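So you can see what is in the structure, the chains are spelled out below.
Number of protein chains: 2
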Amino acid sequence: MISLFSHHFLNPPVANPLPGAPFTLSQAQSHITSSLLGPRISFHLSISPVNYLSTYTGPPYDYVVLSHCIYYFSSPSILPSLIKSLTPHTHSICIAEWSLHSSSKEGVPHVLTALLWTMLESKRQVESMGNIRSALSPAQIKDAVGGEGWQIQKEALVDANEGLRDGYWEVRDVVGSREREMRGLRGVGEKEVAVLAAMWDAIESSLLGVERGVDGVRCMDVWVGIFKKE
Amino acid sequence: MISLFSHHFLNPPVANPLPGAPFTLSQAQSHITSSLLGPRISFHLSISPVNYLSTYTGPPYDYVVLSHCIYYFSSPSILPSLIKSLTPHTHSICIAEWSLHSSSKEGVPHVLTALLWTMLESKRQVESMGNIRSALSPAQIKDAVGGEGWQIQKEALVDANEGLRDGYWEVRDVVGSREREMRGLRGVGEKEVAVLAAMWDAIESSLLGVERGVDGVRCMDVWVGIFKKE
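Protein sequence lines, in the order shown, are assigned to chains A and B.
So the first sequence is numbered by the working numbering: it starts at 2 and just counts up by one.
So the second sequence is numbered by the working numbering: it starts at 2 and just counts up by one.
Calculated directly from the structure, the hints in this document are not laboratory data.
Note that this is a predicted model, so its numbers are computed, not measured.
We treat Cβ as the ideally placed atom computed from N, Cα and C, and that holds for glycine.
Be aware that one or more of the hints could be misleading.
Claimed, not checked - Away from chain A, derived, C-beta distances all over 12 Å, residues of chain B:
1. S27
2. P40
3. S55
4. Q154
5. V225
As the list claims (entries may be wrong) - As a list, the in silico DSS-like pairs of lysine-lysine whose alpha-carbon atoms are at most 25 Å apart:
6. B/K143 <-> A/K192
7. A/K192 <-> B/K85
8. B/K85 <-> B/K192
9. A/K192 <-> B/K124
10. B/K229 <-> A/K124
Stated by the list, open to error - Taking beta-carbon pairs under 8 Å as the criterion, some of the chain A residues facing chain B (in silico):
11. A29
12. P77
13. I79
14. V112
15. L116
16. T119
17. M120
18. E122
19. S138
20. A140
21. K192
22. A195
23. A199
24. G210
25. E212
Just need the whole structure built from these sequences, with the hints factored in.
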C-alpha cells in the first residue's frame with residue numbers, strides 16, 4: 002500500500018500549473034498509475050499528510066518517503082510536527098532534499114538562492130506560495146527528525162540529474178523578482194536590507210563563473226538519508 | 002603628501018594585536034616609513050578620516066585610497082558619509098575591497114562567511130568589533146560612491162594573493178564561534194535563526210570541496226575601482 006502526497010498539486014503555481022523537468026508531475030503521476038504497481042498506489046492531492054494521518058487507522062507503512070518537500074514548508078517547525086505525526090505509522094523514513102552544498106561551481110548560485118529565498122520568507126508578514134520558504138540543511142533535518150526519536154542509518158550526497166531545472170528556475174526567479182522583493186522590505190532595518198542586497202549581488206556575480214550565465218546554472222547536490230526508530 | 006588611516010590600529014583585536022599576513026601591519030608601516038618616500042608619509046592612527054577631514058585645510062589629495070576598510074564599518078551608511086567628507090579634498094578615489102565573488106571553489110567559504118558575519122552584525126543590539134560588520138558588494142559600493150557625485154572610471158576583479166590569510170581566519174572564526182553567536186540570537190525569530198544556522202551549515206559543507214578543509218580556504222577575489230568627480 003503506497004500513499005503519495007504532493008504539495009505541487011495542492012498549490013499549483015499559476016504560471017506553471019504542471020511543473021517539472023525532465024518530466025512534469027502529471028506525466029510522472031500517469032507513468033506511476035499505469036505501471037504494474039499502479040493499482041496499489043493512491044495519490045492524496047487535497048489533504049496534508051498530518052491531517053490524513055490524524056484519522057489513519059490502517060496498517061503501518063513499510064517506508065515513508067519525503068521527497069523534496071521540506072523547502073516548501075512555511076516554517077522550520079513543520080518538519081518536526083510532520084515527523085511526530087508519522088512516527089506511530091511507520092518504521093522507516095527516507096528523505097531526499099537539496100543539500101545546500103554544490104560540488105560544481107555551476108550549482109553555487111542555487112545554494113545562495115535557496116538561502117536568499119529563505120531569508121526573504123523570514124521577513125514576510127504574509128507567507129508566500131514560493132517553492133523555497135524554508136531551506137533546511139541536512140544537519141538541521143537530522144536534528145529535527147532525530148529529536149522525534151529517529152536515528153539516521155545511512156546518508157549520502159548525490160549529484161543532481163542534469164535534466165533537473167530547479168536550480169535554473171530558482172536563480173532566474175530570484176534575480177528577476179529583485180525589485181519587487183526589495184519593495185516588499187519596507188520596514189526592515191537598513192543593515193538587514195543591505196545584506197539581502199549583497200546576497201543578490203553575490204548571486205549575480207556567481208553567474209560570472211558559469212558558462213552561459215543563468216542558463217548554465219545546475220542544481221546543487223541532493224542529500225538523502227534513511228532513518229529508523231531508535 | 003600622503004595620509005594613511007588604519008582601522009586596525011584604532012581597534013586592535015585583543016588576541017592578535019598586530020594582525021596581517023604575509024606581513025603584519027606594523028611590519029608594513031616600518032617598511033613604508035623607512036622607504037625613500039617615508040618622510041612624506043603620515044600615519045593617523047587615533048582619529049577617524051571624517052574627524053580629520055572636518056578641520057583639514059591643506060591642499061587637495063591627488064588620490065584617496067580606501068583599501069579593505071569598508072567591511073569594518075558598523076553600518077552601510079558610513080561609506081556615503083565618508084565619501085561626502087572626502088569629496089571637497091580630492092579628485093580621485095581608489096577603492097580595493099573584497100568582491101563577494103570567488104573564481105575558485107576554495108574561496109566560496111569566504112564569500113558565505115562575509116555574508117554571515119554581516120547578517121549576524123545586523124541582529125546585534127551592541128555593535129561588535131569584528132573584522133566583517135558590513136560586507137558591501139561592488140555594486141553597492143559603486144551606488145554609494147556614485148550617489149555622492151563620483152563616476153567610476155575603471156574597475157576590475159583580481160585574484161587575491163595566495164599569502165593572504167583573511168579568508169581562512171574569517172571562516173575558522175565564524176565556524177568556531179557558532180555556539181556563542183547562536184546564544185546571542187535570543188529574541189530573534191525562529192525563521193531567522195533557522196536560516197542563519199543553515200548558512201553556517203552551508204559554510205561547513207562548502208569546506209568539503211576544499212582540500213585540507215578550513216586550512217585550504219583561499220580568499221575571495223578583490224574588487225578594485227577608480228572614481229573621478231563627475
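So, going through the hints one by one against the coordinates:
Separation of B/S27 from chain A is adequate, the least Cβ-Cβ distance of about 31 Å exceeding the 12 Å criterion. No beta-carbon of chain A comes within 12 Å of the beta-carbon of B/P40; the shortest separation is about 41 Å. The Cβ of B/S55 lies farther than 12 Å from every Cβ of chain A, with a closest approach of about 24 Å, so its non-interface assignment holds. The beta carbon of B/Q154 sits about 21 Å from the closest Cβ of chain A, which is more than 12 Å, so the claim that it is off the interface holds.
The Cβ of B/V225 sits about 15 Å from the closest Cβ of chain A, beyond the 12 Å cut-off, so the non-interface label holds. Note on B/K143 and A/K192: the hinted pairing holds, with a Cα-Cα distance of about 17 Å set against a maximum of 25 Å. Between A/K192 and B/K85, the direct Cα distance comes to roughly 20 Å. Compliance with the 25 Å bound is thereby established for this hinted pair. About 38 Å separates the Cα atoms of B/K85 and B/K192, which puts this hinted pair outside 25 Å; it is violated.
Restraint check for A/K192 and B/K124: the C-alpha separation of about 9 Å stays at or below 25 Å, so the hint holds. Between the alpha carbons of B/K229 and A/K124 the distance comes to roughly 38 Å, so the proposed pair goes past 25 Å and is violated. Checking A/A29 against chain B by beta carbon gives a least distance of about 28 Å; that is not within 8 Å, so the hint is violated. Given hint, A/P77 at the interface with chain B, holds; its Cβ is 4 Å from that chain's nearest Cβ, closer than 8 Å.
Residue-level restraint check for A/I79 is violated (minimum Cβ-Cβ distance to chain B is 11 Å; threshold 8 Å). Hint on A/V112 holds. Least Cβ distance to chain B is approximately 6 Å, under the 8 Å limit. Satisfaction of the interface hint for A/L116 is found here, the shortest Cβ-Cβ separation to chain B being roughly 6 Å, below the 8 Å cut-off. The closest approach between the C-beta of A/T119 and any C-beta of chain B is roughly 5 Å, which is under the 8 Å cut-off, so the hint is satisfied.
Interface restraint check: A/M120 against chain B, minimum CB-CB distance 5 Å, threshold 8 Å, status holds. Because the closest C-beta pair between A/E122 and chain B is about 7 Å apart, less than 8 Å, the hint holds. This hint holds: A/S138 has a C-beta 3 Å from the nearest C-beta of chain B, less than the 8 Å allowed. Interface hint status for A/A140: upheld, as the beta-carbon distance to the closest one in chain B is roughly 5 Å, under 8 Å.
Using the Cβ-Cβ criterion of 8 Å, the hint placing A/K192 at the interface with chain B is satisfied: the shortest such distance is roughly 4 Å. A cut of 8 Å between beta carbons decides the hint on A/A195: the least distance to chain B is about 4 Å, and the hint holds. Because the smallest distance between the Cβ of A/A199 and any Cβ of chain B comes to about 5 Å, under 8 Å, the interface hint for this residue holds. Residue-level restraint check for A/G210 holds (minimum Cβ-Cβ distance to chain B is 6 Å; threshold 8 Å).
The criterion of a C-beta within 8 Å of any C-beta in chain B is not met by A/E212, whose closest approach is roughly 13 Å, and the hint is violated.
Hint compliance for this structure: hints 8, 10, 11, 13, 25 are not met, and every other hint is.
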